[in-house]
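Enquirer: Given next are the chains, with one letter for each unit.
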Amino acid sequence: MSDSDHGKHHILSNKTSLTVLLLLLVFTIFTVAIAQVHFGSLNFPIAMLIASIKAILVMLFFMGLKWDNNENRAFFFGSFLFFGFFIFYCAVDLLGRRADSHVVGPILKESASTGPQTEKPWLSSPEIVAHGKSVYEKQACGTCHGDSGKGDGPAGMALGARNFTVESGWKNGRKPSQVFMTLTKGLGSMPQFDTIPAGDRWAVTHYVLAFGPDAPADSDEDLKAVGIDPSKPGGGLGSAEIEKKTIPVDFALDLYVNQ
Amino acid sequence: MADKVTAFKEHHHAHHFRNDEHQFETAKQGMWVFLLQEVLFFSPLFVGYLIFKFMYFQDFHDASKHLDWVMGAVNTVILIVSSFTVARAISSAQKGNRDGVVENLIFTFICGLGFLIVKYLEYSHKFHDGLLPGHFFSNPELLETAPHANLFFTFYFLMTGLHGIHVVGGLVVFAWLLKRALNNEFGPKYYTPLECAGLYWHFVDLVWIYLFPLLYLVG
Amino acid sequence: MLEMLKDLLPTAATEAARQWDHLFWFLIAVSVVFFLIVMVPLVVFVFKYRSRAGRRPTPIAHNDTLEILWTAIPTVILMGIFAWGWIVYKDLMMSAPSNSMEIKVMAQKWNWTFQYPDGRTTSNELFVPANTPVKLLITSKSSDVLHSFFVPNFRIKKDAVPGMYNVAWFNSNIVGQHIVFCAEYCGAGHSQMKAKVVVLDPERWELWQWGKEIKLPEWVGFGGMELAASSSTTASAGTETTGIMAQNSQIHADLMIKQGEKVFRSKGCIACHSAAGDSVGPSHQGLFESKVLLADGRQVVADENYIRESIENPMAKIRKGFENRVMPPYPGQLSDEEFDALVAYIKSNR
Amino acid sequence: MHHSPAGENYMSYPKGFSTWIVTLDHKRIGLMYLASVLFFFLVGGIFALLIRLELFAPGGQYMTAQQYNEFFTYHGTIMVFLVIIPMIPAALGNFVLPMMLGAKDVAFPRINLFSYYLYCAGAIIAVSTMFFGGVDTGWTFYTPYSTTTATNSALMLCAAFIIGFSSIFTGLNFMATVHRLRAPGQGWMKLPLFVWAIYATSIIQVLATPVLGLTLALIAIEKTFGFGIFDPALGGDPVLFQHFFWFYSHPAVYIMVLPAMGVINEIIPTFSRKPIFGYKAMAGAIFGIALVAFVVWGHHMFTSGQTDFVNMLFSLITMFVAVPTGIKVFSWVATMYKGSLHFETPMLWAQAFLLVFVIGGLTGVILATLAADIHLHDTYFVVAHFHYVMVGGTLMGFMAGLHYWFPLMFGKMYNEFWGKVACVIVFIGFNLTFFPQFIAGQKGMPRRYFDYIPEFRIYNELSTIGSALIGFGFVIALFYFVYALVWGKKIVGKNPWRALTPEWEADCPPATENFHHDVVVTHGPYDYVGERA
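Protein chains in written order, with my numbering: chain A, 1 to 259; chain G, 260 to 478; chain B, 479 to 828; chain Y, 829 to 1361.
The set of hints was computed from the structure by calculation and includes no laboratory data. Don't take each hint at face value.
[Claimed, not checked] Below 27 Å or equal to it, Euclidean Cα-Cα: the simulated DSS-like pairs (lysine-lysine) are:
1. A:109 / B:582
2. G:378 / A:15
3. B:582 / A:138
4. G:448 / A:66
5. B:825 / A:109
6. Y:1271 / B:674
7. A:138 / B:672
8. B:674 / A:133
9. G:324 / B:798
10. B:674 / A:138
11. Y:1271 / B:613
12. G:354 / A:66
13. B:568 / B:484
14. Y:1271 / G:378
15. A:133 / B:582
16. B:674 / A:150
17. A:138 / B:769
18. G:287 / A:66
19. B:526 / A:133
20. B:693 / A:133
21. A:109 / B:672
22. B:795 / A:109
23. A:138 / B:693
24. B:526 / Y:1051
25. A:138 / B:613
26. A:109 / B:690
27. B:568 / Y:1271
Bound conformation, chain A alone:
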């Protein structure tokens, strides 16, 4: 235990501090100059080397590590060791990932709805409601909205899931097109179900509305308001939201198989 009685503290002479200052300025200019020259992937190590030289200069002279005891030196350089552990593992993991592990583009390919195909899916019919029931169960909507649509599902109570049997309080309105859009875009803690085929979403919409008193019908303006063109088959949405130029391959496929 360094029990030096009132040991002389090292006093940094003006000369050394000036030389260190000049050296640091020279290295700064040097590192800026060298960075302009394009060495490709070599630039990075060079810049880090120069920065480290400047850092060691500051540590040894300005911070006095040159004349300090070993404990403080061990502390400071020890911290860089742990920084080394930290960056080694993170870099090896994140940069070592398989090339194809990064998700690019949509996850699921759009697939055709397995339910009945109709020109105007925004009009309800018993088959659509029946199909809606099977989609409702498959997608486990009951987790929040409850199996009988009262919004009493185990996860639903805390999140205030919509009770379909009640007529009032529908934020986006109770018209089929509006409910369809809520299902597609999501609302508050209700996630968006845009990966479910549009046909199935229409079916769930009608099934859900069937819980409560019969829903008001959509007028053309309502449809246009949410981006549905009543003249086109399926409301111009086809099987995916974005406007389609060519016939969707799956749709063509169904025609081909059914012939």
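Once you have looked at the hints, place chains G, B and Y on chain A.
Expert: Below, chains G, B and Y without anything else, positioned relative to chain A:
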């Protein structure tokens, strides 16, 4: 100028230390442990930046071209000079030259302010160009060529911002030390606060020495 | 005794699970042995050396041989344990066999969606044939949270991380329903987020593919039918997917290739890329899944993501020898259908 | 406050409530930490009992899923940040460490008080989140859940940030104290092993906690301002968050268990009247564990999509943690060999610690095995493992230390009979609570489940009964401690356990300046030889 002998305030060591030297060594060691912790405090940002730099090499390269390296270089020079003046302040205190301490502290304070002003100019330039982090990123040109440029600016603002907070912290400490230096507290017998503030300031300069090339030059 | 031990673990429905059980019981055995090594002397000392009148403690401060022994031996045993753990992981859990059926698993707040190779999707129910390796590409919806696909009977678990595909695989030989849990905390519905892997024998697998209603087999592990792994069943099921599904996807593939060629021409790719060989741009002959050398020396596998990236942002990965060629980027101009068709076309140029 | 008047001790002199608020005396700060830690232990314990109550039977009986998630989040956060990390270093360590070095106080008394007030500020903010929207992210704050949840996780992140700095400053203080304020003649090889353990813990605190501080700040920024490095939509990576989080949190579990090992190192030699077996190996083992702690964090992420090479590397190096731990356990048992064993309450808790910590350690080896962890990760097997090491290890170590230094701290003796009764009840309750969870976990019951399938019912019923027993055991301890404080019989003279470490040279309770004479260390901390045995 003649070293006029100033009567420095009497300072006696705390009761649980054997003598002034013992207290000085302990305080300095405590400061070094604090710097140890600061290295690790900055480390996640450096680790994150380096990893994403190699993951999105091209995007980060294009994005870093939008940084003004001239301002960065000016800031580097400012901080190096302020490191120099802090070291001079400490050696003046050791030699008992009270005016030297005061002058150097003032000069360091001004350098710190200068650094913040240059930083403010840079930030306003970025705000103007839409080079902002995360969702706020709206620079038209980079949006096409470099989809991950917003991540570069997230790191840019986080690293320089955290460093800036440390600079502000340093300025507050120097203001406090200036007040104490003005009523002759720091002399050859007692200058521990100056020594610790100096170590802290050199550390802040060290961080910038690494930040400058990483972000501005080889980004 | 073995019977009682068996139901302390879920039913082992795959080869990997059985290997896992051997490893697990070995670890338990080692733990019990070490527990006794520590506890038996402890109990003996507690009674033998408890303080009594005239009891003189003998001051033994250390014993080098003993200390060396109880450092070296545990290290050796631990290395053994690590090695066995690594072998089981590498052989049976890490990389899926090449001929496995690929299924995309998408997790979202509180249900699972599975998509089969032919584009069909089911939610919360994964139908697979018995004795067939199934590779799962697990991810979470982009705006969603972490989930984790955990099938106790198969001893597999992989996190569903948004923005990243994680791979897990299994080859179950027990027909029945195997429960799937979500093992990464994901909010209010975390404990409701259950699904099931329905492993079907070949007959039911045929029926299901034709979309016919089938009688679901019972639950496994919590009650399930053990399919004797006799050679007969495994041979017939085999690896190629028989039945309508195969025809289905074959028609689908031909149509896609024709569609892909049309896109290849209409988008102007034909101007610079030709199947004959490199021209203005690199040739796409035999490109798919081949190793591609980049300008900066990196080597990348030319898979779907590489192709999509080269189309949308060509400057990201420039091929060696084509540094100064400039390809216009096509960000977002290709719909998903067109892109899939294009990939099918490029794939067909093996 | 150089010399307190005769007959006064640190609690009575200087008088007045305000002197406690601004005290710089490490003993008073230690007491204040002890009171706060025990209070939050009670609060965390209540949340634990609520969780166990709900899990008694499948299906939601007493609360909704959201409330359950908030309860286990508060149980985890309060127990980790407010109880188990400061428990031994700040509460017992603050009191005992300077005295073990024969010093008058810690190196930086003002920083010591500042870190206590940081702890209080963080604790108040953490508890206030209950009234401002609650938190349901779990104590691990995994993104993207923590950055997209509607609950008030940002405020809890600020609280944890502040408490982190309290822990850093305590670590900084103790490092400087151990380096600079050792008694004359007390070389590094004459230091009590408790000082070694607290010193190693301080190094981990100073090195690991800042990373947590910044990581939590990053998620708070990402949640409130929308820009961050963990959101995949912005190019970030949630797995990187897990790396940053576990880089702190695995060393943190050693911040929790090393001090408990330090306490056991003090108690077993004293009550066996025998020198500790292999002093150098024990000190080396403490440092071995502290160093390896920093390179093994990946074993929390085997199934998170980490690349296989890194999985293998982490599994390999995690195995090396078991070697120094094994050395320590074997040495403790070897210390009792041919000793003269006295089984007062501290020694009873130490035996409980040994029994339970061995099971915790061995199941840790099982979880470190790469293939085994794939099935067992995020199940109740892991929950049982870390409770065996945390509750079994740190909490029982703390109870042993509290009973051991109770006469020194308060100058009064607790009731020996009730002390043993409480220890036995907690031990039985503990095993009844957590051993069935091992079996539920290996059968595949995932953790943090509000509702579970009927197959796991029997294990959860046993576990809930066990948890009630633990609660009952600690209520007994509360009674006899309060009774002892108020009506307990005063200690006559010094050093009731006839220990050899320097802190017992002070009177019970010590004067404000600890010792009336200058402590000079002449013999080793455990030289129970000849007449000292």
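Enquirer: Take the hints in turn and mark each one as holding or not.
Expert: A quick look at each hint next to the structure:
no., hint, verdict
1, A:109 / B:582, "holds, 10 Å"
2, G:378 / A:15, "violated, 31 Å"
3, B:582 / A:138, "holds, 17 Å"
4, G:448 / A:66, "holds, 22 Å"
5, B:825 / A:109, "holds, 18 Å"
6, Y:1271 / B:674, "holds, 16 Å"
7, A:138 / B:672, "holds, 12 Å"
8, B:674 / A:133, "holds, 20 Å"
9, G:324 / B:798, "holds, 25 Å"
10, B:674 / A:138, "holds, 12 Å"
11, Y:1271 / B:613, "holds, 24 Å"
12, G:354 / A:66, "holds, 20 Å"
13, B:568 / B:484, "holds, 25 Å"
14, Y:1271 / G:378, "violated, 58 Å"
15, A:133 / B:582, "holds, 25 Å"
16, B:674 / A:150, "holds, 26 Å"
17, A:138 / B:769, "violated, 41 Å"
18, G:287 / A:66, "holds, 15 Å"
19, B:526 / A:133, "violated, 73 Å"
20, B:693 / A:133, "holds, 20 Å"
21, A:109 / B:672, "holds, 24 Å"
22, B:795 / A:109, "holds, 25 Å"
23, A:138 / B:693, "holds, 17 Å"
24, B:526 / Y:1051, "violated, 61 Å"
25, A:138 / B:613, "holds, 23 Å"
26, A:109 / B:690, "holds, 23 Å"
27, B:568 / Y:1271, "holds, 23 Å"
Going through the hint list in order, the structure does not satisfy hints 2, 14, 17, 19, 24.
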